[in-house]
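> Got chain X sorted already, so can you dock chains V and W onto it with the hints?
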Amino acid sequence: MFMIPVVLKNLFGRSATRPYPQKPRRPFAGSRGQLVNDAVKCILCGTCARVCPAQCLTVRRKEGLWEYEPFACVSCGVCVETCPAGSLSQLCQWRPAVRERERVVLKVEVKSEKLGVRSEK
Amino acid sequence: MAGTVIPFGPQHPVLPEPLHLNLKIEDEIVISATPAFGYVHRGLEKLADIRDFRQMIQVVERVCGICSMIHALTYCQALEELLGVEPTPRARYLRVIWSELHRLHSHLLWLGLFADAMGFESLFMQLWKVRERIMDINEATAGNRVILSVNVIGGVRRDLDPSQTGWILAELAEVEKGINAMKRTILHDYTVQKRTRGKGVISGKQALEFGCVGPMLRASGIAQDLRLLGYAAYGELDFAPVVEQDGDCHARCRVRFAELGQSIDLIRQAIDKLPAGDISVPAKGRPAGEVVARAEQPRGECLYYIKANGGKFLDRLRIRTPTFANIPALTAMLPGIELADVPVVLLSIDPCVSCTER
Amino acid sequence: MTIEADSISSAELCRAVAALKAKGCRFVTITCVAADRSGAELLYHFDRELALSHLRLTVAGDEVPSISGIYSAAFLVENEIQDHFGLRFTGLAPDYRRTLYLQGEDSVPPFRRDSGPGRGE
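Those protein sequence lines, which keep their order, are chains X, V and W.
Just so we're aligned, residue 1 is where the first sequence starts under our numbering, counting upward by one.
Just so we're aligned, residue 1 is where the second sequence starts under our numbering, counting upward by one.
Just so we're aligned, residue 1 is where the third sequence starts under our numbering, counting upward by one.
Pulled out of the complex, with its shape left as it was, chain X reads as follows (with noise of 0.2 Å):
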């Protein structure tokens, strides 16, 4: 009884919800999104594996890799603003949809003169 003027107004008024995905919706400057990871910023200090909740990160200087798991990433962002060389970065995104699970391997020259790019975070 007491919801007829809201009965009304969503019969006859405009559609609450967007015709997603025809017309998606403008992504929020501030969210934390898909993680990405600049290989030529990246030093592989390892800070990152380290301090990340969810262990999704691998580095191994050896080999010269920054290993990723997307699928096991909860983007909390601690990685980005722990980050020594600035490298990493979220976009405010989430990751589209994909038929299969992959992790992303980077290839990382740390050149000596990278590591004066430390800066006093």
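Not one of these hints is a red herring.
Pairs of lysine-lysine, DSS-like flavour, derived with a Cα cap of 27 Å:
#	chain 1	residue 1	chain 2	residue 2
1	X	Lys9	X	Lys23
2	W	Lys21	V	Lys205
3	V	Lys183	X	Lys9
4	V	Lys129	X	Lys23
5	V	Lys129	V	Lys194
6	V	Lys205	W	Lys23
7	X	Lys9	V	Lys129
I should point out that these hints are in silico values taken from the structure, not numbers from a laboratory.
Chains V and W only, in chain X's frame:
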């Protein structure tokens, strides 16, 4: 004449999470109820053995998918006491803002589920439509809709600038309009009243004896609200616990509905008084000793006991969530009501079983 | 720093808890701090008008008197401690016999120090 035993749950359309009730029925009236759970136990307290105390902030947030930030808040408060760290004034107010946003979204979620338990699906959808605005505020300010990951030991990770606080106030005005449009339906509709008044009655004395917390206590006349302890910035804000006397499902519904208005008011006060300054202080070192920290979650009192020995890993992390304290009261609330009222009474305690089982 | 707790023995437990109930305390919970072959340490938490009080109980074996006769709500947490730590509460009603979280009497309690998965470091 032997009664019938009906197993309620663990899968049931009204239950958001699996919970089992062994109901002994005689002619559709419940004689006794025995609760059981254990279907979503994840061993998060044991995980403290292999995740260091800083990584545990993210683990502890995921104990509950509704009151997540307040779990992290209590954990950080406990560790701040052990490490001798005092969060900055701005961080304390920001924690209040995000905690009250959590309380708003949790009560709106519960009101929607409560309506759904009665079969009132259109009210459920309308309330969750209002709740979407809070989810947007969470995502835009903290980065995620529910699991905010915004607490650190010593403060918070994100700040709010004046354009964000202005936008939050505008959205809250819309939320208030949406809630008030539903008010008469939630509180005065004939069918809602028939299904909730006089059902699942628990007196104040019984509630205290059973160890009930939160809105269950307050709906039975006991004015206990842990925010009065003054943690975070609650000591500097002006509010009083919402109390009702009837102790039935309708009283619990009224308490949670009134707390929606209270939360909006608290957020407005906190934004008004938000002090300038840093959002966190560095917290170095390793914790040693034992401490108990408590906070008021949307469902009641949450207790954290932490024992540390100076190492990277905590010795013991014990979490006592509010639904764990409210479930034994079901053994007194359910006998005497009809089988068809069991879902409504069960949902009126606001069960969050993933909190209960961790 | 430690919390202020009155140390009591098994024999004094029920009397101490009944005294707290007579004062009007609300039962909060029981924490089992540790349990292994040498015994167990339990903390009982009570609340009265937003002030907490604690009782500390150390037992040599794994049998503890139950307080579910005094505070009936304690049955749930005592069953949980039975399951997790392998203790046995005498006089517990209703007793789930290790079926709350585990599969029955011969399941391995996961939180004990002398069984279950190991610790880090």
